[in-house]
Amino acid sequence: MTIHESGEMYLESILVLSRSIANVRAIDIVNHTGYSKPSISRALGLLKKDCMVTVDDNGYIRLTAAGEAHALKIYERHRILSAYFEHLGVSHEVASSDACKIEHVISDETFDKIKAQVLKISQ
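Numbering (the numbering used here), first residue to last: -12 to 110.
Check the hints yourself; a few may be wrong.
DEER-style ranges, computed between Cβ atoms [said to hold, decoys possible]: (1) SER23 x ASP95: 30 to 38 Å; (2) LYS60 x SER28: 19 to 27 Å; (3) SER84 x ASN18: 17 to 25 Å.
The calculated lysine-lysine pairs, modelled on PhoX-like cross-linking and capped at a C-alpha distance of 20 Å, are [to be verified]: (4) LYS100 x LYS88; (5) LYS24 x LYS36; (6) LYS102 x LYS88; (7) LYS60 x LYS100; (8) LYS35 x LYS60; (9) LYS35 x LYS24; (10) LYS102 x LYS60; (11) LYS88 x LYS60.
Since the hints were derived computationally from the structure, they do not count as laboratory data. Each residue gets a CB set at the ideal place from its N, CA and C atoms; glycine is no exception.
Start from the sequences and build out the full structure, keeping to the hints where you can.
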C-alpha cells in the first residue's frame, strides 16, 4: 500500500500532537496544520481504510502500529533532513520547510546516506 504525501503529513501531525495531547481529535489536526475540517475528515477516512489510524466513539484518533511506524519514518526524515540543511547554513525555517517537502519523495538509499553524514557530523 502506498500512502500519499498528504496522508504522510497527517500521520506525522498525529504523531507530533500525540506527544503533547493525550487525546488527539480532528480539530487538533485542523489547528496544527491549518487545513480545513472537511480535508481532515476525508484524510482520516482514507487513513482508517488503510488501517493507519483508528477513531473511537469520542472522536479520539490513534495511530495503529502500522500508522505509527510510518509516521516515525517520516518524522525521522524530517528531523534528519532539517538538521542537515541547518548544518549547511540554511535558516531553521527554510530547512524545516524544505525537509517537509523532500521527506515524502526522497529514496531510502539517499536518505540513509544523508542520515549517515548527519550522524558523523553530530558525533
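Going through the hints against the structure:
1. SER23 x ASP95: 30 to 38 Å: 32 Å, holds
2. LYS60 x SER28: 19 to 27 Å: The hinted range 19 to 27 Å holds for LYS60 and SER28, with Cβ atoms some 25 Å apart.
3. SER84 x ASN18: 17 to 25 Å: Cβ of SER84 to Cβ of ASN18: about 19 Å, so the range 17 to 25 Å holds.
4. LYS100 x LYS88: Holds, because 18 Å separates the two Cα atoms, which is no more than 20 Å.
5. LYS24 x LYS36: Within the cut-off at roughly 18 Å; holds.
6. LYS102 x LYS88: Judged against 20 Å, a Cα distance of about 17 Å means the pair holds.
7. LYS60 x LYS100: Holds: LYS60 and LYS100 sit about 15 Å apart, inside 20 Å.
8. LYS35 x LYS60: 19 Å, holds
9. LYS35 x LYS24: Holds, at about 16 Å.
10. LYS102 x LYS60: Since the Cα atoms of LYS102 and LYS60 sit roughly 12 Å apart, the hinted pair holds (cutoff 20 Å).
11. LYS88 x LYS60: 14 Å, holds
When the structure is compared with the earlier hints, no violation turns up for any of them.
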